[in-house]
Amino acid sequence: MARMKFLCDADRCIECNGCVTACKNANEVPWGVNRRRVVTLNDGQPGEKSVSVACMHCDDAPCAAVCPVDCFYTTPDGIVLHDKDLCIGCGYCFFACPFGAPQFPNATAFGSRGRMDKCTFCAGGPEEPGSEAEFEKYGANLIAEGMLPACAEMCATKALLAGDGDLVADIYRHRATSRDGAAKTWGWSQAYRTGLS
Amino acid sequence: MEKQLKHTKSRNAARHIGWMTMLVLVAGLVLPLSGHVNVAMAQDNEEVQSSQAAESRGETNPQSDLWRQARESHEGYTAVDAPGANVLMSSDGETFRQVRMGPVSTYLPWWLAFMVGAMFLLHIFTGGGEKLGNPSGKRFPAWSMFDRILHWYVAVLFLILAITGLSLLFGRALLIPLIGPEGFSAWARASKFIHDWGGPFFVVGIVVMSIAWLHHNKPTMMDVRWLLLGGAFGKHLPAGRYNGGQKIWFLVNVLAGAIVCVTGVLLLLPGIFEDRNLFQINLIVHGVVAILWIGVSFAHIYMATLGAPGGIDITTKGHVSSEWVKVHRSAWYEEAKDEAFYDESEKTPPPEDSEASARTA
Chain A
43 MARMKFLCDA DRCIECNGCV TACKNANEVP WGVNRRRVVT LNDGQPGEKS VSVACMHCDD
103 APCAAVCPVD CFYTTPDGIV LHDKDLCIGC GYCFFACPFG APQFPNATAF GSRGRMDKCT
163 FCAGGPEEPG SEAEFEKYGA NLIAEGMLPA CAEMCATKAL LAGDGDLVAD IYRHRATSRD
223 GAAKTWGWSQ AYRTGLS
Chain B
532 MEKQLKHTKS RNAARHIGWM TMLVLVAGLV LPLSGHVNVA MAQDNEEVQS SQAAESRGET
592 NPQSDLWRQA RESHEGYTAV DAPGANVLMS SDGETFRQVR MGPVSTYLPW WLAFMVGAMF
652 LLHIFTGGGE KLGNPSGKRF PAWSMFDRIL HWYVAVLFLI LAITGLSLLF GRALLIPLIG
712 PEGFSAWARA SKFIHDWGGP FFVVGIVVMS IAWLHHNKPT MMDVRWLLLG GAFGKHLPAG
772 RYNGGQKIWF LVNVLAGAIV CVTGVLLLLP GIFEDRNLFQ INLIVHGVVA ILWIGVSFAH
832 IYMATLGAPG GIDITTKGHV SSEWVKVHRS AWYEEAKDEA FYDESEKTPP PEDSEASART
892 A
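So the protein sequences, as listed, match chains A and B.
Using the working numbering, read the first sequence as starting at 43 and increasing by one per residue.
Using the working numbering, read the second sequence as starting at 532 and increasing by one per residue.
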């Protein structure tokens, strides 16, 4: 069984925000909610690096651990999804997540949180795959259609890779061996507790 | 005999040769390894020296620096406009998770169980307070309508917030198996709503109570004696209008109230106090102090009901029987004798138990 993973090659990312736009377009996420973002470190200085970051679909996800209503589940593909019908909008997942992935639309004028929204690896949610209810709540289910997440598919420089972790690692290893320097597998050790494999 | 000796000698020689061979083999295997140890140690020293030299020259790998920055939650630039969005990775959430799902979820339920058990044992060993009745119909005025309303306003909100708050922390473990994920989700959503909207009203109650009852709760030597000599364990020691235990309960309410209310208000407005760390610490402190507080409240509830029956009249009727005052608050009895009044309708016969009546006489 494939273990789905994201990898952003910081030597290729050009901070075009194409992934962010592709995500918003494919999933039609509400205003103010960004499932994916690009962060640039040392912006404007020599050696600046950009990384596209979203939910990393962790092995031992902190969001799932702290959720008071236990609304998270991991698919056989290793994708971390959640059930919005169970979510109560407490925000604990946001405070536990290392990557700032969970997003909250404003529910009321007092700024209370609506139900959490996050990257689904374009794998929808617990509703019937491809149904209107699924799209309404979770966005596109490209995985069910045999495709990969829109962000990585859209990436012009192929910096953002998504798919089976072994294949992603092979592609990246091939790139790294033909390049100088050490591996820049940002976020992998935090999310997957393993090396490049 | 000679033959036998010769035989032994050759056997000894064979044994020696065997041992020598073993020794040579072991040495042959082990000695070359010492080379590895030497080399490894030499390399370690070199590595330590070279890295120390590099550090002392202020040289680090620029690419390592970048990833170190990412790991240490340095702020970068992002086009997304949201608090904390410009940070790639932060580890504080992991600490929050470990503390909340570790000690907080593991040990605090034991504190509540300990307090329930302690009250149970106290009741078994002391037999609870004696039922005094009110044969004389003589009453001592204690609380105004304002005091009574304030007490029950805070008490009812305290219980509501305790039940909803505990549901949010322990419901996943305790209630999901009972009422299922959908049922618990509905209850948790209601709990969150009630907790969020009840909180501000509770804050008002705690503040008013802390100010209104402060003058009743100055500690005296009588309170210290009451506490040290076991007033809480069924001994009738002299006490004023409020005993040492009640004054400690008041102090707990003021201190725990301040902490729980301040952290609660900060948690309620995540849009204004947009700080991950602040929220994480507040959530832990809020839960820990609130649960300790709930545990102490069990003692208050026991003392006001089974611990000293009859005293609850103060919070419902505003006055209390002179028999109760004489037994439980002897110093106040002397002090406020003249304020007492008679109410025929309050007259209740002394309890059947002759032993109890004898103690009150």
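These aren't lab readings, by the way, just hints derived from the structure by calculation.
Every residue gets a Cβ at the ideal spot worked out from N, C-alpha and C, and that includes glycine.
One or more of the hints may lead you astray.
If you want the ones that stay clear, here's a sample from chain B, every Cβ over 10 angstroms from chain A, calculated [said to hold, decoys possible]:
(1) Gly615
(2) Arg631
(3) Ser716
Incomplete in silico selection of chain A near chain B, CB under 10 angstroms [unchecked claim]:
(4) Ala52
(5) Arg54
(6) Ile56
(7) Glu57
(8) Arg78
(9) Val111
(10) Cys129
(11) Gly205
(12) Leu209
(13) Ile213
(14) Arg215
(15) Ala218
Pair ranges (Cβ atoms, derived) [what the hints assert, rightly or not]:
(16) A:Gly156 x B:Phe645: 34 to 44 angstroms
(17) B:Ala610 x A:Glu174: 47 to 57 angstroms
(18) B:Asn808 x A:Gln87: 25 to 35 angstroms
(19) A:Gly74 x B:Leu759: 38 to 48 angstroms
Evaluated hints:
no., hint, in the structure
1, Gly615, "violated, 6 angstroms"
2, Arg631, "violated, 6 angstroms"
3, Ser716, "violated, 4 angstroms"
4, Ala52, "holds, 8 angstroms"
5, Arg54, "violated, 15 angstroms"
6, Ile56, "violated, 13 angstroms"
7, Glu57, "holds, 8 angstroms"
8, Arg78, "holds, 9 angstroms"
9, Val111, "holds, 5 angstroms"
10, Cys129, "holds, 8 angstroms"
11, Gly205, "violated, 22 angstroms"
12, Leu209, "violated, 24 angstroms"
13, Ile213, "violated, 20 angstroms"
14, Arg215, "violated, 18 angstroms"
15, Ala218, "violated, 12 angstroms"
16, A:Gly156 x B:Phe645: 34 to 44 angstroms, "holds, 39 angstroms"
17, B:Ala610 x A:Glu174: 47 to 57 angstroms, "violated, 31 angstroms"
18, B:Asn808 x A:Gln87: 25 to 35 angstroms, "holds, 27 angstroms"
19, A:Gly74 x B:Leu759: 38 to 48 angstroms, "violated, 60 angstroms"
Against the hints set out earlier in the document, violations occur for numbers 1, 2, 3, 5, 6, 11, 12, 13, 14, 15, 17 and 19.
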